[in-house]
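Asks: Chain by chain, the residues run as shown.
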Amino acid sequence: MSNGSPDKLKPALIGGVAAGLASSIPPISCLNCLCCALYIGGGFLAAYLYLKEAPPTAEAPLGDGAIVGALAGVVTAVIGGAVGIVIALAFGFGPEQMIEMMEGFGAELPPEARDAMLQSGGATIGAQLLNAMIAGVFAVIFSTLGGVLGAALRHKKAAPPAPPTAPPPPPTFEG
Amino acid sequence: MTLRRNGPYWLLTAGCFLWLAAVFFAAYARGQGLGGFGVLYGCFGSVCHQIPERSFSAFGAVLPVCHRCLGLYTGFTVGLLVFPYLHRWRAWLLGNPRWVLLFIAPMFVDVFLLPNTYLTRYLTGFSAAFPVALLAWGAAAQLFDQPHIFPRGEHDEQRVTR
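As given, the protein sequences belong to chains W and L, one line each in that order.
Numbered according to the working numbering, the first sequence spans residues 354 to 528.
Numbered according to the working numbering, the second sequence spans residues 1164 to 1325.
Derived by calculation from the structure, the hints in this document are not laboratory data.
Yeah, the Cβ is synthetic: ideal placement off N, Cα and C, and Gly gets one too.
Please note that the accuracy of each hint is not assured.
Claimed, not checked - Derived coverage of chain W by chain L (criterion: at least 3 residues anywhere in the stretch with Cβ under 8 Å from a Cβ of chain L; other residues may be distant):
#1 367 to 373
#2 383 to 390
#3 396 to 410
#4 487 to 494
In isolation and in its complexed conformation, chain W is listed as follows:
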């Protein structure tokens, strides 16, 4: 862990806002079905930006990456939830539309998942809040993992310490 390291909040905000916006806009949000690609990507981006300004270290700052990723996940959850609620209320993009869109992509939903989506209650604020909370938990978990991955891949290795040089021989006095 590095002391005097760069600010964690700014990269977390950038990564979190990017992932939050992407995961709340309906067609793009389907990318989260690919192993949470957007959540992982948000954490990865945050850690990548954070380590861009961090000094080289002997070992990869995985813990710092996890913290930045988790912060980005929290921002993703807040932004994603808020924008999702606004979109749902403004355009009425509820579960029926989501199911239609997923089936349009060729996905055949299990009846239970379909029922659960439909029972989640359309575009009511309560249902949207519940969805946002569940998505928020996933966002924090996967964004933290993305941050750890970003720290591993962006890590700048410090050069090994130079071997101690032999002191110069004492001057000889002749004559």
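Dock chain L against the given chain W, drawing on the hints supplied.
Replies: Just chain L now, kept in the frame of chain W:
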């Protein structure tokens, strides 16, 4: 970096087992006709496409996650359980963490380039998550070494040295 099988490690491992248990319990509950499994299917539905043709079945029901997601979850869990015994490999991978890309690359090849099967989907997912478990353990170890984040407990003597 010194890795210990201490509180955070066991917490991480327990979380992984709970996660896997939730996957299989959802299928069990659905197969047995118990109530409440729809919620679990709905939760996993937010992170997986749940296409039945691309998912394993257990207990007479389709699992709530696809082949690749199940591979990712089991790979991560197995990684956490196995890495404490792979001393050399662990030291090498923590020293050169960019090599995790070597394990993740097959999944991208499988997704975008090859006509995949259930076996390739599961195995490439497993391979991608396996080394990430070590990185997550390393992150937990680094966080645990910061006393202001996690106060050090007295029961962390079970030590795994590199």
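Asks: Next step is simple, just say for each hint if it's right about the structure.
Replies: Checked hints:
1. 367 to 373: As far as the region 367 to 373 of chain W goes, the hint is violated, because 0 residues have Cβ atoms under 8 Å from chain L.
2. 383 to 390: Holds, because 5 residues of the region 383 to 390 of chain W bring their Cβ atoms closer than 8 Å to Cβ atoms of chain L.
3. 396 to 410: As far as the region 396 to 410 of chain W goes, the hint is violated, because 0 residues have Cβ atoms under 8 Å from chain L.
4. 487 to 494: That given contact holds, which follows from 3 residues of the region 487 to 494 of chain W lying within Cβ reach (below 8 Å) of chain L.
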